[in-house]
Each structure stands twice: as structure tokens, then as C-alpha cells.
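Listed below are the residues making up each chain.
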Amino acid sequence: MDKSVTTKILIPSGALGLGYDRDAFMRGIEHKPDLIAIDGGSTDSGPHYLGTGTSKYSRSSIKSEWRELMQARAIANVPLVIGTAGTCGADDAVDWFLDITKEIAKETDQNVTVAVLKSGQPIDRVINALQKGRITPLEPTIEIDHDLLQSCSNIVALAGAEQIQAALKTSADIIIAGRATDTATIAALPLARGCHAGGAWHGAKIGECGALASTNPSSGTIMITFDADGFTVEPMGQIARATPYTVSAHMLYENANPLQLYEPGGHLDVTGATYTALDDRRVRVTGSTWIPSEKYTVKLEGARCGGYQCVSLALIREARYVRNIQAWTDAVEQKCREKAHERIGADFTLELRIIGLNATLGAQDWNAKIGSEVGVLGIITAPSEIVAKEVSKMLNPYLLHHPLTDDEEMPTFAFPFSPNEMNRGEMYEFCLNHLMELDDPMQAFSLSVEQVRA
Amino acid sequence: MTKLTAITHKIRSKNAGPFWITIDIFCSDDADYRRALGGVKNEQVAHALGISVTDLKRYNLTNLRVIKFSFPRPIVQGTRFDRDMHGASFANLIAELDVAPQTVLSDE
Chain P
0 MDKSVTTKIL
10 IPSGALGLGY
20 DRDAFMRGIE
30 HKPDLIAIDG
40 GSTDSGPHYL
50 GTGTSKYSRS
60 SIKSEWRELM
70 QARAIANVPL
80 VIGTAGTCGA
90 DDAVDWFLDI
100 TKEIAKETDQ
110 NVTVAVLKSG
120 QPIDRVINAL
130 QKGRITPLEP
140 TIEIDHDLLQ
150 SCSNIVALAG
160 AEQIQAALKT
170 SADIIIAGRA
180 TDTATIAALP
190 LARGCHAGGA
200 WHGAKIGECG
210 ALASTNPSSG
220 TIMITFDADG
230 FTVEPMGQIA
240 RATPYTVSAH
250 MLYENANPLQ
260 LYEPGGHLDV
270 TGATYTALDD
280 RRVRVTGSTW
290 IPSEKYTVKL
300 EGARCGGYQC
310 VSLALIREAR
320 YVRNIQAWTD
330 AVEQKCREKA
340 HERIGADFTL
350 ELRIIGLNAT
360 LGAQDWNAKI
370 GSEVGVLGII
380 TAPSEIVAKE
390 VSKMLNPYLL
400 HHPLTDDEEM
410 PTFAFPFSPN
420 EMNRGEMYEF
430 CLNHLMELDD
440 PMQAFSLSVE
450 QVRA
Chain A
0 MTKLTAITHK
10 IRSKNAGPFW
20 ITIDIFCSDD
30 ADYRRALGGV
40 KNEQVAHALG
50 ISVTDLKRYN
60 LTNLRVIKFS
70 FPRPIVQGTR
80 FDRDMHGASF
90 ANLIAELDVA
100 PQTVLSDE
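Chains as they are written, first to last, in numbering that gives the first Met the number 0: chain P, 0 to 453; chain A, 0 to 107.
The shape of chain P in the complex, shown without the other chains:
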């Protein structure tokens, strides 16, 4: 084994803002990593964050954890890299994250060089690529055109190892990257140093959720040591253990295909991987392969406005109404819809979900059962906030008072709030599932370096 390329990447946790075991992290720092990498986000919490370019986690939580990582970095004197900063990795979220970094530098008296890698895509660039036939759809296929792209509030491209390597070449202390693949921030340095390519990507995938690939996920911190033949997994928590099972099973996680992982520039195949226990807490992996692609492509993500939403909730405890809740809900939905069509038109959707029956899975829940009470959640989505609110206000009296039959006294149900309508404002939807071909990996990304003074 070529010792010279051995590269240790410390991953404090699966995502900044999730928290981690401080002792485990400090143990990792004592093990002298070559780089500290952490993920800052994903699409997992939905399209709102990319749509608005904002963070899911509170600023205070991010600042508190990032401060600890910046201070540990100063001790270890190695690069600290965050990918997909600010949950979505849009340019606004990266700027927000840079501001936090500057505040911390001032407060902790640090002079640091910060490289900022931006992944935001000007809409014209993507339209131009579409016209040139350089955008290809992924499964499941979504049709896109000029107008759809124009309607996006944010489009990002996922950076891979090449773009992170460009940032590392600046010798910055801290790298704040916009949208990047979960694995790129971890794989970039080992690949640049000539570690085994299949091992670099596979180890990065195993490490990207921190200690999730161990017996003690909540300890957070994991160390992946890459070399010329493969990689070794070692969780840093006191009681955390990596076993061939916990490591190999991690390929399943959030991955539609457990054997392959597509990245910019190629794909990883772990079909031939072998997992060997070095002792009761460390696992060595070899035999994974990296298959370079013919063209260099990056994945695109985009979000656009999906309308404006207003929701209401009624709580129903009366046994007869609970027993007949589907009929009651159907009648309320129908009456409200008719009234709204007559008074303001048909350009909205109204949906009532029965909490306590099948709100989670809808009509698909073939095993739904009802309890002593139900909640009826009304969701109205319309092209404007005014229309959404108007329909919600029409729904209000039905949710409060609608009788099951015409010849009974008007019932009243529980409303938890006044007003009962909750304005959710603008909602967003993901609208891109595509690859964009590039001539050069940096063609769709921008890199800048800043000296941040205490």
C-alpha cells in the first residue's frame, strides 16, 4: 500500500445543525485528519428552501456548531469544507453562510482565508444549454421548456469532486460550497492525492451521513481513511462501532440503487466491494470501482412557485360525526367548492385530509382505522394569496358548523385558532430532474477567495 497518499477525512456529523457528540468530534481532531468535511443540506426537507434560497436550520444553531468547527479547524490547521451550505446551496444561502462565518471570525479573533464556491445557475445559461441539446432528462422524466426555466426562482448545479478540488487548490482554510453532491466534499482530497477512485467515492458515500454507518448514529462523528487500495471506516464515538454490516448497509440509505452512485464525471459501482472487520470497531473496504463517463455532466435542481396556500384545521370528537367522517368531509368539500366556483371562479384546489384516519397515505392506505377523534385539515392552493385566503374563509363556516343531515341542529366543532385560517404564503415545487453537460467542470461554477479578518 502506498502510504504517501493516505488521506484522513473527519466528518463531524451527517449535517451541520443536527448536533454531534463533542467528545467524539474532539477525539477525531486528536487523530489528526487531513480535512474536516460536513454537509450543509439536501433536498430532503422539500422545495421551499431552494425556492426561497434559505436555510432549514436556525441561524443560531448553525452559528453555534460552525463556531465549534471553525475553532477545531484552527487547532488542527487543516481545511474545513462545507457542501450545500444553507440547506439548499443556492447563492443567497451561501452568502448567508459567509456572513455567519465572518461574524464568528470576528468574535473568535481568527484570520482565515475563505474560498466560496457558488453553484447557482443564471436562467439564461440553462436555457442556452437546453437549446444546444446539452440538457438531458433523468428518470422519471419531467418535460421542461423555456417558460418553465424562466419561472424558476433558483436553479443550482451539483458540484462534484472537480469543483471542490479547484477550491482546495486555493489553499483556503475554509471552503463554503453551494450545492454539491453529498460525497464530493469528502472524495475531493483523496482523489486529488491519487487514492483509489472507487474507494474514494465509496468511502465518501459511507461517511456522508457521519456515524449513521455505525452502531451509534447519534455520536455523529466518523473518520474515513483513504489509501491507494480502498478505505477504512472508524467511528469516533466512545461506544460506536463500524461493522461490515453497518458499513455495507449504508449504501441502501436514500439511494434508489444500492449498488451504483452517479456523480459528475462517472459512477461508482460497489458490486465487487468486500467489507472486512479490522477489529470490533473498524472496517476496511476494497474492490469498489469508479467508471468514468464519456461526457462531463452535472445534475440540476430547480424550484419554482407552485401557488399560494392557506390551511385550516377542525377537530371533531362527537362519536356520530367521527363514525361518518368521510361522508361529512366529502359534503363539506363539495359545498365549499361549489360556493367558491360561483363567487370567485375555479382556479384553485381544495383538499380535506382526515387526520386520524388516512391523512398520511390518503386513499392508498388500505389498512386505515379510525379512533375517538379526527382532525380535518383543509388545504387550499391558488394562483394568488388573495384567492387562497378567500376560499379558506368560505371553508371556515362549513368546518365549524356543517350538519350531517338537513334536519338536525347545527353542530359546532373545535377550532384551535382564531383566525382558523393559516396563511402558508408562497409554496414551491421542484421542477428539474436533469443533467447539464459541461466542457469544463468550472464552466457552471464560480470560485472566489476572501481574506476574513478578525
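Under 10 Å between C-beta atoms, here's a sample of chain P residues computed to sit facing chain A:
no.	residue
1	Pro46
2	Ile141
3	Leu251
4	Glu253
5	Tyr274
6	Gly306
7	Gln308
8	Arg352
9	Tyr427
Now the stretches of chain A that chain P is said to cover, found in silico as 3 or more residues with beta-carbon under 8 Å:
no.	stretch
10	14-22
11	43-49
12	56-63
13	73-83
14	89-99
Heads up, simulated DSS-like pairs for lysine-lysine below, C-alpha to C-alpha not over 30 Å straight-line:
no.	chain 1	residue 1	chain 2	residue 2
15	P	Lys168	P	Lys62
16	P	Lys55	A	Lys9
17	A	Lys13	P	Lys55
18	P	Lys368	A	Lys2
Don't read these hints as lab results, they were simulated from the structure.
All residues carry an ideal CB built from backbone N, CA and C; glycine is no exception.
Take the given structure of chain P and dock chain A to it, following the hints.
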């Protein structure tokens, strides 16, 4: 009839990006895995999920004693009719399926 949940130690589902859901069925031992392998039919799973069987991708991972199903989300994550932002509840539709008592071992 036995529920699938009774012969597995964990069934989980999760988004695999905004457009896919993936379900992992973990068995504790080889006997349960063999039983699940034969007892869990693609048609039955697709029907329970409300999707076409041609959209269902299946991986039998013998080393892990895992059966994995992946399929395009019936409703794209976060759009107005989506009920489950993280796709975590789809697992329940599978966990509560009946597994036939007499099952044939197959590795389809």
C-alpha cells in the same frame, strides 16, 4: 396469515431525491430472509403502493438479508398533493402486508 413486519426487524422508507422513494426491508436471519424473498411478490407490493409493477425496481441483497424496492414517487415531493415530505410512511403500506404461510424460495 403473517404480517411482513413479523418476520423482519425493520422496514423503512425514505426519499431518494425529490422524485424517488426507496423502501428497505431488513430481515434478522437467513430463514426470515428466505421467507420474505419468496413471500413478497412484486405485484403485491406495487398494488399496495398504488403504482405500476413496471415502475418498481427490486434488489435482493443476500449478504445484507435485505429486499429493497425503489419507485418514482406517485406525487413529487413537496407538490400540493404530497402528504409525506420525507417519504417515511410508505414503509407502513408494506409492513402490514400478509406473507403467505407456504412460500417458495426464489431469487428473482
